[in-house]
Amino acid sequence: MRVFAKLTGVELRLFLREPMLVFWTLAFPSLLVIILGCIPAFREPSPGLGGLRVIDLYVAIAIVLVLATLGLQGTSLVLATYRERGILRRLATTPARPAALLGAQLVMSLLTAIVSVVLVLVIGRLVFDVALPRQAAGFVVAFLGAAGATFAIGLLIAALAPSGKAANTIGTLLFFPTMFFAGLWTPREVFPDWLQRISDFTPLGAGERALQEAMSGHWPGWGSLAVLAAYMLVFGVAAARLFRWE
Amino acid sequence: MTAITVDRLQKSYGDTVAVREVSFAVDRGEIFGILGPNGAGKTTTVECIAGLRTPDGGAITVLGREPRDTALRRLVGVQLQESELPEKLTVREALELYATFYPEPVEWQRLADDLGLTGKLRTRFGKLSGGQKQRLSIALALIGGPKIAILDELTTGLDPQARRDTWELVESVRDRGVTVLLVTHFMAEAERLCDRVALIDAGRVVALDTPAGLIAQVSAEQRIRFRPSRPIEDALLTDLPEVREVRRRGTQLEVIGDGNVLHAVTATLAAHQIIANDLRVEQASLDDAFVRLTGRGIDGVGN
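Going line by line, the protein sequences match chains A and B. Each residue of the first sequence is one higher than the one before, starting from 236 at the first, in the numbering used here. Each residue of the second sequence is one higher than the one before, starting from 8 at the first, in the numbering used here.
Mixed in with the good hints there might be a few duds.
Only pairs whose alpha carbons sit at most 25 Å apart, straight line, appear in this in silico DSS-like list of lysine-lysine [as the list claims (entries may be wrong)]: (1) B:K140 - B:K127; (2) B:K140 - A:K400; (3) B:K134 - B:K95; (4) B:K95 - B:K140; (5) B:K140 - A:K241; (6) A:K241 - B:K95; (7) A:K400 - B:K95; (8) B:K154 - B:K140; (9) B:K134 - A:K241; (10) B:K127 - A:K241; (11) B:K127 - B:K95; (12) A:K400 - B:K134.
Quick partial rundown of chain B residues pointing at chain A, CB under 7 Å, derived from the structure [what the hints assert, rightly or not]: (13) A57; (14) R80; (15) R81; (16) V85; (17) E89; (18) S90; (19) E91; (20) P93; (21) K95; (22) L104; (23) F108.
The hints are simulated quantities; they were obtained by calculation from the structure and are not laboratory data. Quick caveat, the model's predicted, so the values are computed rather than measured. Each residue gets a CB set at the ideal place from its N, CA and C atoms; glycine is no exception.
Turn these sequences into a full structure, and let the hints guide you.
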């Protein structure tokens, strides 16, 4: 346990030494909420959104953005680089198993995600009066489900990518379509029905939907949670099977 | 007592045979060298011993256990080629982190001092020179206070001074009772450090002996050169049973012989009150032995 705590601490320090990663995961999601909130029309209730404001939707979208950046791009890049550079191999010769480093990296990512999500929620609440999740337990479940699904996909990328660079490319290629379905460019709520149906089955689309439901006081729909669980299971098992330490 | 036994080890990657048949035993407390040209199968052999690869055939025991036995991870320190650390991890953080992996780590400050890393503790791994990275790598292999240290090409990339310092460190590690398995393609390193050497070529052990024994296998010949303080007859020396041949080059004499030729020649000269000026003794080196045993130089150049 001491080793795991130490590894997690070291991973956290290394994360904080990557200014770009810190910006995109800790600062950018909150900045996005601030920038969009500055557009007056986005602060007006819209009948098309069932009386919600655009800014209300973007808090959940920003939370999904945190997870996508960390899971698809951060973790996969770090782990694939660790393998490429023989860091996992060196660890395999010590009493600390390389799996511990993998776990430490995931715990570190989860902690970072929590900090960033709290920032987004607090800024949304204080600056733009976006209500905190009314269904708190449901929100935590939706958050953990979405985190599990994105991190499992990130792990599979790390398992398949031959190098850190390749992992980064794959992660970036996946980032844009998955974030599209989460509504980063146009909120899901204004998607045509057929597109919304597709989005419901994508990891970040299902994640956004579950978070949005919890934000507005409902328990996240079992359909969305089942989709997230399925991604976590399928990608997680595939990653565990295919991950090579060297 | 045996620290490591390797019995008819075989390992292939696809169609490429890396290790054809390698057997040897390493005694406790010795520095055992695996010497051979690049691609001979040295690294594959030590990776099997370190439990990083599964052999296709043969058996290995390390301290009486299977190489994959997790209990060995505390007892065996490994320094591998091409194993890096995160770019932005500092030397101090790396040492502290690796010290927490072991139940009874050695004091990392002293280890850093022994390896000349004290001035670099706050430097990030990515900013270290090749030699400094190598020394940190050695420090991490020793930090757990291992019973066996496996060091793969430990002085590659070091400058001559750093290389000599590292050799002293390896000797001091052995003096603490640690068995050292050293992989190298530097003749001078093997000759200086190793108690015994296994010469590996094309996946096989071609010879296994002390460095001196290997040299003696190929040549017991010695050449002595000197300028006598006054002219002497050849017969004075050729009459000695140890002397095979005497050649003259101007005022210089070259005496070729075996065994105790040096002692025989100097004793005779002393008896005749002749001083041997500019005395030089040339012996076959491990290099020569290597060329004879494998039919080519260590760098793969045909001979």
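Given the hinted pair K134 (chain B) and K241 (chain A), is their alpha-carbon gap at most 25 Å?
23 Å, holds
Next pair to validate is K241 (chain A) with K95 (chain B); report whether the Cα-Cα distance is within 25 Å.
Distance ~16 Å between K241 (chain A) and K95 (chain B) Cα, so the pair holds.
Please verify that hint: K95 (chain B), Cβ, nearest Cβ of chain A, below 7 Å or not.
Holds, about 4 Å.
Minimum Cβ distance from E89 (chain B) to chain A below 7 Å?
5 Å, holds
Does S90 (chain B) pass the interface hint, meaning its C-beta sits closer than 7 Å to a C-beta of chain A?
4 Å, holds
Within 25 Å, alpha carbon to alpha carbon, are K140 (chain B) and K400 (chain A)?
It holds: about 23 Å lies between the C-alpha atoms, which stays within 25 Å.
When you check the alpha-carbon spacing of K127 (chain B) and K95 (chain B), does it fall within 25 Å?
Given that 25 Å is the threshold and the Cα spacing comes to 13 Å, the pair holds.
Restraint outcome when P93 (chain B) is required to lie within 7 Å of chain A by C-beta distance:
OK, holds: P93 (chain B) within 7 Å of chain A, min 5 Å.
Min Cβ distance, R80 (chain B) to chain A: is it shorter than 7 Å?
This hint holds: R80 (chain B) lies near chain A, its Cβ roughly 4 Å from the closest one there, short of 7 Å.
Straight-line Cα separation of K140 (chain B) and K241 (chain A) no greater than 25 Å?
It holds: about 22 Å lies between the C-alpha atoms, which stays within 25 Å.
Holds or violated: are the alpha carbons of K95 (chain B) and K140 (chain B) at most 25 Å from each other?
Roughly 13 Å between the alpha carbons, so the hint for K95 (chain B) and K140 (chain B) holds.
Going straight from one Cα to the other, do K127 (chain B) and K241 (chain A) come out at no more than 25 Å?
21 Å, holds
In summary, this structure violates none of the numbered hints.
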